[in-house]
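Taken in order, these protein sequences are the chains called A, B and C.
According to the numbering used here, the first sequence is numbered sequentially starting from 1.
According to the numbering used here, the second sequence is numbered sequentially starting from 1001.
According to the numbering used here, the third sequence is numbered sequentially starting from 2001.
Please keep in mind that the hints were generated in silico from the structure rather than gathered at the bench.
Check the hints yourself; a few may be wrong.
Claimed, not checked - Under the rule of at most 30 Å between Cα atoms (straight-line distance), these lysine-lysine pairs were calculated in the BS3-like manner:
hint, chain 1, residue 1, chain 2, residue 2
1, C, Lys-2002, A, Lys-123
2, A, Lys-58, C, Lys-2395
3, C, Lys-2312, B, Lys-1404
4, C, Lys-2479, B, Lys-1232
5, B, Lys-1012, C, Lys-2193
6, B, Lys-1301, C, Lys-2450
7, A, Lys-69, B, Lys-1301
8, A, Lys-69, C, Lys-2312
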Amino acid sequence: MKEISELHFAEDVRYAESHEWVRQEGDKVRAGISDYAQDQLGDIVFVELPEVGSSFSKGDEFGTVESVKAVSELYMPVGGEITAVNEDLEGQPELVNNDPYGGGWMIEISPSDQGEMSSLMEKDAYLEKLKG
Amino acid sequence: MRYFPHTGEDIKEMLEEIGLGSLDDLFGPIPEDCRRHGELDLPGPLTEWELNARMDALANEMAVPPDYRVFLGAGSYNHFVPEVVRQLLLRSEFYTAYTPYQPEISQGTLQAVYEYQTLTTRLLGMEVANASMYDGASALAEALLMAIRVTRRQKVAVSRLVHPFYRNVVQTYLAAPGYEVVELPYRENGTTDLSGLQDLEEYAAVAVQSPNFFGCIEDLESQGKTVHSDQKTLFVVTFSEPLAYGLVKPPGELGADIACGEGQSLGIPQSFGGPGLGLFATRQKFVRSMPGRLVGRTTDKDGRPGFVLTLATREQHIRRERATSNICSNHGLCALAATMYMACVGGTGFRDLAQLNHDKAEYLKDGLRKSRAEIPFAAPTFNEFVVRFPAGFEATRDRLLEKKMVAGIPLSPFYPEFPDHYLLCATEANTREDMDALIKEVGS
Amino acid sequence: MKESLGTTGLVFNEPLLWEKGKKGRTGFSVPRRDVEPSLLDESLVREGPDFPDLSELDVVRHFTRLSQWNFGVDSSMYPLGSCTMKYNPKTNERQAALPGFAGAHPLLPADLCQGVLEMMFDLEHYLSEITGLSGVTLQPAAGAHGELTGMMVVRAFHRDAGSPRSKILIPDTAHGTNPASAALCGFTPVPVKSDERGVLSPEYAASVMDEDTAGIMVTNPNTLGLFEEHIREIADIVHDKGGLVYVDGANMNAVMGIVSMGDMGVDVMHLNLHKTFSTPHGGGGPGSGPVCVRKDLEPFLPVPRVVKKDGKYALSWDFPKSIGKLQAFYGNVGVLVRAYSYILSMGKELKKASQLAVLNANYLKKKLTGVFHLPYDRPCMHECVFSDKIQEERKITTLDMAKRLMDYGFHPPTIYFPLVVHGAIMIEPTESESRETLDRFVEACRAIAKEAENHPQLLLESPTKPKARRMNETEAARKPCLAG
């Protein structure tokens, strides 16, 4: 596992306590897990994603991410309806390891409350939390 | 005692090394009020020779072939097991080994289980099989729980012609989490009647057994179509005699989503009902919902092909309370026995052996038919069938027991509507002579 | 160091079964056909399964070679914590293979199977004596199956008393089967933390125990190899609120003849015959997980039960409060015969087995402290837990050390369990190992710790001597190939 200084933290996203990131894309948001999270998990072998059309509140479990020896729950960074899931992850779960903020995106949400985004951490605050 | 290598000197020196005075001191951390008072009140210890005598005496009080001629199936079958299988199973690297969690030194077990998984899929016509479960009954219960997980529905339908003990186990497993089990009736010809099944969209699964408890082969193809008129409901087919699938079309070819049942017939001794072998197979798309261990093929650091336990995140040691099942062991040695058996018998041999079983049972059926007995169910059978004897057959059955012949079991304890019906079985282990003797006694 | 136990040698390659064989070969003595063929309807019939056709020698060589790639207790020491890899006596195999047992149909009339019924009745009695709990069922097929049975008994008890409960307390050191079994039974597991001494704290238990909690599942000795010294107090806390105490008896090998579970406040427990009672592990099974209960819980046990009346044995189904049935017939009888034989061979010496198991573990603990980091520096029972903390700064993990042990001729201990110790190494030698073997094991561990310091590459590359090297588990999980 890498040192924190070796990890990458995208600037254009916000971070949840449970290591998900969110990026505003028009009136929707995209989410995935941070470089720190994928590094902790190791080689990702499977990602379980929700059905398009389902709705969750902020903090609800929306799926799981599996490595060989562990499973981690994924939690909604903001509440809303799932408008798309990254179907590439089915055949290439390694995208989450190799490109966590880009090709490894997991879900697209139509947020129910735009305000929830602002309560998430910016890059520096998230880094502080990881170091602390 | 020959299982303890420690001499008095060893014990003394080891205690010194630890800084204790006696073996009792080792248990200092155990509070006084938890300590046992008084010795263990057990017989023995027996010498190896006394043990042999004791066990021989117990084993001699058992009615087994060849001394007794047994015409009984109902979930446990008398098949010939090659000596090759018995001896290969005694290779202690197989039977004294643990679960193959360290693949580098368990390739023997792992390859054998991969072979078992493969042959199981070929036998049942399915896409993927696990490393086995405890027995046919618990495999069926787990199959229904899997269907409930996959479909997120709370109800299952189970045919009344599924083995009564399997149904008991299903009830036990499904009662605790509160799922509903609806029983399906049967038709006059001895097969399951699905016509009354309503509101299919409420059901996670519909389960039938084929050959069923009456020995009859179910019409799986049309039953599968009925079940799949709802897109989600799973068609579960169970069995207690897998040898039937050497001759008869397997569940996978006829629409089954899960095929599971008992594998004891495949080279495993009857042993008064256990250990058995829970065969469990399903479609590739359900693989992550499957209970039980799975062995997968991969390569090692040097690029050589090898095998390893995989998809372990479904299992209890990782997923804990959210696991697909609580199962930890499989029936590894029994699965190994089945693989060796299938290897010995071979594909061609398996078909011939199945045909022979069928023919033996047909011979017995015909003979009994001519001998005052009735064959009440018209559906085709494999190596088991129901006979209706004239009233008062109990006296004949007792006479047969005295002549060391066990003529099946009565159906009435499980199907009170059939007071005079009996379930009989004939396998390759029953000779024509034996069957003639039975027929003659029945007729007299 | 003496010459290493692990060496190189000639090991054979062997293909998959279906890569061998030729159509028309057979390895089976085809039984005589003395009846006419009778044809089934064409529409029902298949070609025959796609199995290879092999000669008898093909089959024998295949499995002989495969067995040589394996490692068993008969090969070398197998110190897997909580698995109790003790010696599997050969006489047990002789007894289980007796035709009277092996050839018996489970539905024989009682008069015709008195031998096996007597064996089962007696075995229940012996297990009751060993545990101090009067009611026994031999039906569960494995430890996890026994846990499920036990949980169902607990559930049935509460429903019968008119107070169905939804939660169950489970320590953070518990084996994964514990919460899995509880969940299968409809209970919600509530975690209970162990204290800094590695045992359950009565204060914490009291803080989480309430009238909606069915009870507690405890492993005693626990998975850190420590005796749960507050068990009586905790049992009282649980009982006071009407709950039951379930013990996971996987570690029974430490305390036979030393404690009586029944006297300690335990209400229900399971045993693992394939651990404590010497029946073979079989490469993953079959095992057997009998459940023992307090007298007033007996009505809930699975049916049928073995009963004795007027000197004769029978199976009785007359238990209206029974939870039902867990497997098709009555238990893994073939395994029961082996355990029965073991108990008769040992008698009171079972206590000595526990004493020597605990002696061996403490001996190893003494000699390995300093070689590995010892998180709980206290006397242990039959197993002890270390961690990879000392090796951490060289970036060598528990996994690397475990893999290197194979090259030295030992099966690795249990690794990464219990979860409360980071990088856990759980070592259980059992009473079967001699002092010389233990000393060799210590030597090997010392050598490996030294390699971790000076030549870490050796560990990272290990194992090098067995048939296979480390497996690509990621590919196996990403692209599962589960059948050939």
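Hints and how they fare:
| no. | hint | in the structure |
| --- | --- | --- |
| 1 | C:Lys-2002 x A:Lys-123 | 57 Å, violated |
| 2 | A:Lys-58 x C:Lys-2395 | 38 Å, violated |
| 3 | C:Lys-2312 x B:Lys-1404 | 20 Å, holds |
| 4 | C:Lys-2479 x B:Lys-1232 | 25 Å, holds |
| 5 | B:Lys-1012 x C:Lys-2193 | 38 Å, violated |
| 6 | B:Lys-1301 x C:Lys-2450 | 24 Å, holds |
| 7 | A:Lys-69 x B:Lys-1301 | 19 Å, holds |
| 8 | A:Lys-69 x C:Lys-2312 | 52 Å, violated |
Checked against the numbered hints above, the structure breaks hints 1, 2, 5 and 8 and satisfies the rest.
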